[in-house]
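Colleague: So the chains spell out like this:
Protein chains: 2
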Amino acid sequence: MNKNVYLFGNGTADGDGKMKDLLGGKGAGLAEMSRAKLPVPPGFTIATEVCNLYFRNANSVPEEIHQQMLEALRTLEVRMGQRLGDVDNPLLVSVRSGAKFSMPGMMDTILNLGLNDQTVRALEEKSSNARFAYDCYRRFIQMYGNVVLDIGKDEFEAIFDGQKKKAKAKLDTDLSAADLQQVIAGYKKLVEKKTGNPFPQDALEQLAGARDAVFRSWNNPRAIHYRRMNQIPDNIGTAVNVQAMVFGNLGETSATGVGFTRNPATGEKVFYGEFLPNAQGEDVVAGIRTPQPISELENWNPEVYKQLREITSMLEKHYRDVQDFEFTVQDGKLYMLQTRNGKRTGPAAVRIAVDMVEENLISRQEAVLRVEPQQLDQLLHPVLDPASKKSLRQLAIGLPASPGAAVGVIAFTADDAVEKAKTQPVVLVRKETVPDDIHGMEKAKGILTSRGGMTSHAAVVCRGMGTPCVAGAEAFHVDEHKRMVSVAKEGKQIVLKEGDWISLDGSTGEVFEGRAETREADPSSGILATFMGWADEFRGSFGVRANADIPRDAQVARKFGAEGIGLCRTEHMFFAEDRIPHMQAMILARDEKSRRKALAKLLPMQRKDFAGLFMAMDGFPVVIRTLDPPLHEFLPKREELMVDLAVLPYADIKKKRELVAKYERFGAEVKNLKTVLPDLLKRVEELHEFNPMLGHRGCRLGITYPEITEMQARAIFEAAVQVAQRGVKVIPEVMIPLIGGAKELENQKKIVVAVAEEVLQKAGMADLKYMVGTMIEIPRAAITAGGVAEQAEFFSFGTNDLTQTTLGISRDDYNSFRKDYEERKIWPNDPFAVLDQEGVGTLVKMAVEKGRKSRPDLEVGICGEHGGEPDSVQFCYRVGMDYVSCSPYRVPIARLAAAQAAIAGDKSEAMRTA
Amino acid sequence: MNKNVYLFGNGTADGDGKMKDLLGGKGAGLAEMSRAKLPVPPGFTIATEVCNLYFRNANSVPEEIHQQMLEALRTLEVRMGQRLGDVDNPLLVSVRSGAKFSMPGMMDTILNLGLNDQTVRALEEKSSNARFAYDCYRRFIQMYGNVVLDIGKDEFEAIFDGQKKKAKAKLDTDLSAADLQQVIAGYKKLVEKKTGNPFPQDALEQLAGARDAVFRSWNNPRAIHYRRMNQIPDNIGTAVNVQAMVFGNLGETSATGVGFTRNPATGEKVFYGEFLPNAQGEDVVAGIRTPQPISELENWNPEVYKQLREITSMLEKHYRDVQDFEFTVQDGKLYMLQTRNGKRTGPAAVRIAVDMVEENLISRQEAVLRVEPQQLDQLLHPVLDPASKKSLRQLAIGLPASPGAAVGVIAFTADDAVEKAKTQPVVLVRKETVPDDIHGMEKAKGILTSRGGMTSHAAVVCRGMGTPCVAGAEAFHVDEHKRMVSVAKEGKQIVLKEGDWISLDGSTGEVFEGRAETREADPSSGILATFMGWADEFRGSFGVRANADIPRDAQVARKFGAEGIGLCRTEHMFFAEDRIPHMQAMILARDEKSRRKALAKLLPMQRKDFAGLFMAMDGFPVVIRTLDPPLHEFLPKREELMVDLAVLPYADIKKKRELVAKYERFGAEVKNLKTVLPDLLKRVEELHEFNPMLGHRGCRLGITYPEITEMQARAIFEAAVQVAQRGVKVIPEVMIPLIGGAKELENQKKIVVAVAEEVLQKAGMADLKYMVGTMIEIPRAAITAGGVAEQAEFFSFGTNDLTQTTLGISRDDYNSFRKDYEERKIWPNDPFAVLDQEGVGTLVKMAVEKGRKSRPDLEVGICGEHGGEPDSVQFCYRVGMDYVSCSPYRVPIARLAAAQAAIAGDKSEAMRTA
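Residue numbers (our numbering), protein chains in the order written: chain A, 1 to 914; chain B, 1 to 914.
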């Protein structure tokens, strides 16, 4: 039998801080602190492996492991000089979950375990505090009843509130020991009624029950959801920590608190946290009472404060990272209950990384590795526009719990937030959030709570998700039942209802009525610029480009560090109001001549767009893709036309005028609707496709209508000439989409090259360098990449379409079975977000290898949306691509992901461009 | 410089019969006959390679090769004792095309070359026949003018007909030498007017011009079309044969003819062919005059007949195959102009192969290789039902030019045939067909001509294509302008118009008015059975199964030799009138309980179907695929519903009743249409997909609705038990469609196995063997086949969908650009007909390798439509599949293709099932 139970405490431990896999984060932290002789209440950790064994063993812990636990318990009893269930000197313990990755509040905890009708008297005697003892006992029954015996919290609360009413108590603390004994009697009756058995008096039975419940809580719905959201594997399990109780609620010389060695929201180097005198652990985190800032601890007990500062600062140096700690003061004595690397927001992560380099705590390389690329998203979020702030009414200021601007309509429940978020941005407004709200929090653009502190559930979860949050804004009165929130402002009561607009600034805590304007973040200065500079150093020659269709996006892309445009979708230009009529005329044309006439009108417009892109990208390459979408996308919808045609015989003059307005672009007048509509429908029917994704689009259009490719090539090269003549360095790369093999590319390349040579020759610029290449977005193109590369000067992987075809899943239709697939974990990740390396990745790798074999200097990049997803970027780096291209706002994320891949050094050098 | 010009004649030759690649079929045959000292007019062949050089060299023959030709010409002149263009003793030559593969009538020929205003007089003098000499000259000018100078045939014909009118001549032969001189004058004027130059008098210029024109004719549209149809490569080019003229039109002791050593329509061992006294070569083939049967030659000239029989029978023995020969008798002397292996119909091919084995001419192996698998299709064609024949009016009997039954509506032009064939079966009725009709002939189910013999264009082409043909049915008067055909029958004139039904029996020459019934062919007896028996011997363990959804198809499949069912599409059962209501109820169900209720009604129906399949396939495996199509296919069409809903407010009672009838299955009544229609539309909208091909279908349905898979598994195994209890050997193979990786299969397999174990256990048949496997029809499944095979006991390649996804082309939408792709030869073949070996094939190969690596006894087959296409079958054999599955009627074709692959011995043994 493996060792499955690890002791800690009394200046020693079986495990250590590195054993997170086995002991979970909390268990490893307790072991490490014990070894460092810090004041840790002794206890033991049941390893994470047991969690899997528990589920595999029909939801029970194997007997041998149970025996190991009993042995550890004996040692703990000896160390404490107490015995579990002893009527004179009872040991009381806490039973807590603790997985490798922090999952705050997602799993269960039980405190005060070991109390029963006998031992509670010993506690009363020892503490000389009957009220305390019975409060501990009733809390224990309530927690145990809820967590282990699955009895609703509200049923306990009803009994508790009934007693309060009876005793005319206002606060919980107004209840006397006698009152609490009444409550306990009620609780016990409830338990017996619900379970058919009396509340267990045997302390060992309590311990086994609590342990098993904590294991079970690994698979409660909110834990599963949280893991999915945070991509935490399901098979790692949670450890269970059993630890001697210390009481922060033993009286006014006791307290409990949590804190960070630096501000986890901003990264500022300040001692940060909160505490509550005379309270038990969970009271702080649960956000039920608003705690005091940790700086107040110095006044409350200077000795304890000093000791805590020393211990935590030692821990930060030891772990070389920000620590998130929990402590309890029992009767003036400090106990450390937890330490772990603190979760932090993106801005904090960057600031802490940069500061720690300056403090010589970590190297630049380590700093670059310390920030999750995805976290940068928060720094690139828009912020509230200062002018707009001034124009709106400020309602209140709460705690700046998670930075960023959030503007949305109010929802008061998690379910409402999910529903509303389908159509509008939502701000979730709650008294406080609870773990069950997680699905709504995920969909909200921002969260506002009226209770709880900087370490409340809302604050912690929001920082983890990068969602802006204003917490503990106590000026607000939130009525979740009536779906309204009110605040007194200048003597007036302002009431906001569900669906009203509200704006939050998570960086300042400000809350505004109405819909504020936002402004883009600026990544090119300050700490972020320093940090990105380091990342770029490590990234080296691996490029990051942006997908941009219009000059404005190209300028943003440059600001965010893009080194070129990896994808310009020319069709986006055709959808503009001034262009679509010409596009439609082109499509409706029945012969090449009229098609060319319509194209001639589009030419100068395209030329102007391309010129703008070339200007913005001076010195950097611009990849322009020829027309891609099926032509019917530019025409009215078929079913709409069918309906209009069907009601035409019944249409009155008003309806007819409506139809004329709708179709006047196609020559509709009141008197000719009967001929125009059927004609239009006929053409739309001709173009109708069963599977447009696999239809007449991409290069297939250019092959059927070479004049389209010709016009686009002309626009590209005329623009290039124009801009180059102004002294700008232009590097056009013309990209042919959706090819399935060399022949299609050959066909289109011929057209492009002919136009290019003609235009450049005429301008006397025959030496202007350009490339013609292709997207690899169909499996066959990847499979035949060797032949394709004979024609292509570059490849760009269109992994959106390549994922759709390789998996045989239409992205637009995936939603109808996405839930079923995610629940059953058919794919390791959402394949449209994270590149499916096993399937699609195999084709990508194959194509890079075959392509480079036939053309060693083949330029290779990616322009699918995966190009901005960190794991996928690292994959691209590993298979030897030259660059990734993503949306402008994701450019810094890709730069950081690439830098991390470079540091990991797992690039297959052989695969890079020769 | 390579040798590019090859002499033949005078008992010697530079080349020989094996050099078809270089000399083309005709050139190689002439060389071989020369070497055999047969009477061949001497000449030379310009090699096929020169054709490619000609096109690459800007449409001109390189000077060196031209010089080689001139040298060969000198030798020819010496041999003939004549000189090209010599005014006293002119050499006259024919210039003919001749590719490696016979392309009858597709390319150009010029006869009598060397004639000009001078040499025609020498010909007159030598032949003492002025009419003959001037007829030769005017034919030459006409052919040269048309072929080389590109002047329309009709312009020459107008002049000729004008002269006939003027001379009051009825037949061409009524024109005198003087008349013909008038025609020649007219022709020469026409040429000068059209080309700006007089008709070339220089014989060498004529020769170069004719040669180049023949090369050019390689790329005329009908030659290109013919090659595409017959899968002849475009890059092999044609040779040019220049040969001393012999004249079959020198008078009544001269003749010209063509023949076969056996009947090419039936394979019967009879001397077969036709001849025309006093005619020039092309007159026979062109079908303008109906020639005499070759048996008449014996009466006409017994010596010549005897010599011809001896020569041709020697040639057949020499080549060990049926010979297709051409000959000319000039003034009583026999000349052989061509011999080649004769094209034959499918029935003839089989009969000849079997006969030649019995004659000890060839081995069984050779016999099996002698029949194109595709040709068997003709033997499996339905034949006219004898009873039906009796019930219809027989119109006439023509020549049985190509066997098989054809029933269709009449079209009189090739274009009409193409148009009509889109909606109906078509019989093309023509006076005679010309090479330009090829596109219409391709689309017709059968062809009827009123002129021409068994070797006319129509007859030859139809036999090549396997299209039934009745030729030379002279009782018919065809008026192509008025689009009608008439025939005198029992003193009455019967007139058929365009679109009227007609029925042909190409095996007897019978033509019937109206629409005859047809009956299936029987492949299990007679010569075909003998032949297929040999094929099966060589095929060995490589299996051929059939795709069949219902017991009737399964029985047909057995008759055609299927060794199991490779694909039963269970959904075809759901579309039946008695089932679709339950299917719809299942789809409209809002919860699992009501879904199960509807499924319970489908269970006994499915069970019955499966039982029927198992009965029919006693001892052979039956692969049953679980539900595949998207659910919306079973509901009313979205756009139809939208239209109905849009007009509902205007509907009168009649319209409303119409709607009620349409939707009563969904609970529609007159008073509730306003709620029923929107409700139904809502569900239809929910199920609507943008790309159904890539949507919620296949295993994805079974994952969302496990109860469907469960019901189907139950039906399969309950049926298996039922049938097995009757002593039938049942081998069920349950196939999960559309998986993208192992996980989906694992999920569905679990359900199937659970049901199977339960049902079999209950029946006490736990030892009944079954398999659970999967279709490989998505690229990702092929890529991850190693993992998939850990779950799958068999793979079946669904190459229809695999082609769609690998190429990114929806088969339903391909038509919108198919023409453009075929013209540009983007794919080597239609990828939906012939497996794309480079693209899709690479994935197939990869999947077989990976699959067998992880499960050595993995059963592997194919069930896409490629499973019945000979090239694809051979590919499947080569990559080591265990079987192919195709439609029942294609089973013999697949059996033969597999046998041929086995004989070719190119199976990678290592890849076969361990």
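Please keep in mind that the hints were generated in silico from the structure rather than gathered at the bench. Here the structure is a predicted model, which is why all the values come from computation and not from measurement. Hints may contain errors.
Pulled from the structure, derived: some chain A residues nowhere near chain B, Cβ distances all over 10 Å [what the hints assert, rightly or not]:
hint, residue
1, 63
2, 70
3, 87
4, 416
5, 522
6, 601
7, 638
8, 704
9, 805
10, 816
11, 821
12, 824
13, 836
Stretch-level coverage of chain B by chain A, calculated; a stretch enters the list once three of its residues show a Cβ under 8 Å from a Cβ in chain A [stated by the list, open to error]:
hint, segment
14, 540-552
15, 719-727
16, 775-786
A virtual CB, placed ideally from N, CA and C, is assigned to each residue, including glycine.
Colleague: If a hint holds in the structure, say so; if it doesn't, say that too.
Modeller: Evaluated hints:
1. For residue 63 of chain A, the non-interface assignment is confirmed: its Cβ lies about 30 Å from the closest Cβ of chain B, beyond the 10 Å cut-off.
2. In this structure residue 70 of chain A is separated from chain B by more than 10 Å, as the shortest Cβ-Cβ distance comes to about 38 Å.
3. Taking the minimum C-beta to C-beta distance to chain B, about 52 Å, the non-interface status of residue 87 of chain A holds against the 10 Å cut.
4. Residue 416 of chain A, annotated as away from the interface, keeps every beta carbon of chain B farther than 10 Å; the closest lies near 22 Å.
5. Every beta carbon of chain B lies more than 10 Å from that of residue 522 of chain A, the smallest distance being close to 39 Å; the non-interface claim holds.
6. No beta-carbon of chain B comes within 10 Å of the beta-carbon of residue 601 of chain A; the shortest separation is about 25 Å.
7. Against chain B, the non-interface label of residue 638 of chain A is violated: not every CB pair exceeds 10 Å, the least being about 7 Å.
8. Distance check on residue 704 of chain A: its Cβ comes as close as 5 Å (rounded) to a Cβ of chain B, failing to clear the 10 Å threshold; non-interface status is violated.
9. Remark: the non-interface label on residue 805 of chain A conflicts with the geometry, its nearest Cβ contact in chain B lying 5 Å away (cut-off 10 Å).
10. The claim that residue 816 of chain A is not at the interface with chain B is violated, since a C-beta of that chain comes within 10 Å of its own (minimum 4 Å).
11. Distance check for residue 821 of chain A against chain B: the nearest CB is about 7 Å away, which does not clear 10 Å, and the non-interface claim fails.
12. In this structure residue 824 of chain A is not separated from chain B by more than 10 Å, as the shortest Cβ-Cβ distance comes to only about 6 Å.
13. Here residue 836 of chain A does not stay apart from chain B, with its beta-carbon only about 7 Å from theirs, under the 10 Å limit.
14. Look at the segment 540-552 of chain B against chain A: 0 of its residues bring a Cβ nearer than 8 Å to a Cβ of that chain, fewer than three, so the hint is violated.
15. Coverage of the segment 719-727 of chain B by chain A is violated in this model, with 0 residues showing a Cβ closer than 8 Å to a Cβ of that chain against a need of three.
16. Interface restraint, the segment 775-786 of chain B with chain A: holds (6 residues with C-beta to C-beta distance below 8 Å; minimum three).
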